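Protein chains: 2
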Amino acid sequence: MNKIITVGREFGSGGRELGRRLSEILGFAYYDREIIEEIAKRTSLSAQYIQHIAEQKPVIPFPIHTGRTFWAVIPDYNQNVQQEQHSIIREMASKSSCVIVGRCADYILRDENPFRLFVYSDMQSKLARCRKNESADYEAGASLTDKELTKRIEHIDKSRADYYNFYTGQKWGSRENYDLCINTGRYSDFKALAEAVAKIYSC
Amino acid sequence: MNKIITVGREFGSGGRELGRRLSEILGFAYYDREIIEEIAKRTSLSAQYIQHIAEQKPVIPFPIHTGRTFWAVIPDYNQNVQQEQHSIIREMASKSSCVIVGRCADYILRDENPFRLFVYSDMQSKLARCRKNESADYEAGASLTDKELTKRIEHIDKSRADYYNFYTGQKWGSRENYDLCINTGRYSDFKALAEAVAKIYSC
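Chain order of the listed sequences is F and P.
Residue 57 in my numbering sits at position 57 of the first sequence; the count goes up by one each step and never skips.
Residue 54 in my numbering sits at position 54 of the second sequence; the count goes up by one each step and never skips.
Calculated directly from the structure, the hints in this document are not laboratory data.
Be aware that one or more of the hints could be misleading.
It does not matter which identical chain is used: a pair holds within one copy or between any two.
[What the hints assert, rightly or not] For lysine-lysine, the following DSBU-like pairs were computed, each having C-alpha atoms within a straight-line distance of at most 35 Å: (1) K95 to K57; (2) K158 to K171; (3) K41 to K158; (4) K3 to K147.
Nothing here was measured: the structure is a model prediction, and the numbers come from that model.
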């Protein structure tokens with residue numbers, strides 16, 4: 001049976017880097033943006049647009065009230081992306097042992113007994129990490145003040161939480177939904193940290 | 001400067017065992033019930049009585065209303081125990097590197113940059129652990145049904161949470177107050193687990 005590690009993460013906490021290093025150490029496949037690219041291939045939507053909605057709680061344009069009952073009509077485009085995302089995550093997990101970042105993979109693959117990692121840190125560390133990586137992954141914008149960047153980080157994490165809570169009925173970042181929650185604020189050497197996490201995983 | 005590891009833990013999750021093994025691996029002092037015994041020495045109260053109130057939010061028998069203001073009068077015996085507990089925890093941390101279990105040590109020693117561990121697990125694992133250890137530490141009572149034992153575990157954790165939340169103003173078991181939260185439900189070999197946690201600590 002394939003082994004699966006899922007990584008939930010606060011924006012700027014280094015969850016992606018930790019997940020990637022973990023996959024390298026363990027010789028597992030690594031899936032993150034690959035999921036977006038695969039959805040784009042299978043739908044007529046652009047990768048950029050999918051990136052925008054793939055970890056967002058759907059905006060419900062037509063709430064319907066019937067007597068005392070509230071019906072939420074989730075738009076088709078959003079449902080399609082979510083369905084593709086579910087299928088792709090299941091396919092990836094069935095292919096080989098892997099690390100999957102975000103996208104409720106811990107919940108989608110709950111019957112496969114994944115090792116569920118959650119990565120977080122304090123705001124100061126997240127700001128520093130975003131500043132350091134802004135030219136690469138984070139596109140944080142050198143022009144943003146600390147206050148603006150804090151607001152942006154909080155907004156992204158709020159979206160991730162809303163999305164996770166909406167689709168899983170669980171609480172994002174709450175310990176009971178994970179096997180290991182790690183605060184990366186103390187660490188600068190992510191290589192050593194990933195090795196130590198791999199050791200916990202392999203216990 | 002002494003190194004400090006604090007261990008918050010759900011009842012039955014093996015936090016004490018993990019803390020003790022961690023102290024052995026790292027060559028740190030280990031404090032848990034020693035704190036109770038030291039308070040008993042310094043006060044005229046029995047260790048059993050102190051054990052009962054040392055991790056309990058105080059019962060406030062005399063709430064006083066003055067106009068719109070509410071005054072909570074915390075009983076003297078409880079204040080004394082809490083003050084002694086704070087002093088002893090500070091003394092222990094100043095003596096040598098150590099692992100301290102429970103008792104808001106993470107908050108009391110927050111200026112010493114402790115490594116803050118939180119240990120938890122699912123109810124099934126906690127029941128199994130309590131059953132296995134009932135003759136030793138847990139005194140769970142072989143006569144309790146699973147339902148009764150679940151209720152007892154929930155009650156103890158509720159007390160711990162109330163106590164922690166009352167004295168720290170923080171939320172017990174919520175990730176932002178810890179450096180590492182570990183779900184022990186997957187593990188049976190606590191020796192290997194403690195070695196892996198020590199590796200994360202030492203990164």
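Hints, one by one, checked against the model:
no.: 1; hint: K95 to K57; verdict: within (28 Å within a copy, 51 Å between copies)
no.: 2; hint: K158 to K171; verdict: both (12 Å within a copy, 19 Å between copies)
no.: 3; hint: K41 to K158; verdict: within (28 Å within a copy, 50 Å between copies)
no.: 4; hint: K3 to K147; verdict: between (41 Å within a copy, 33 Å between copies)
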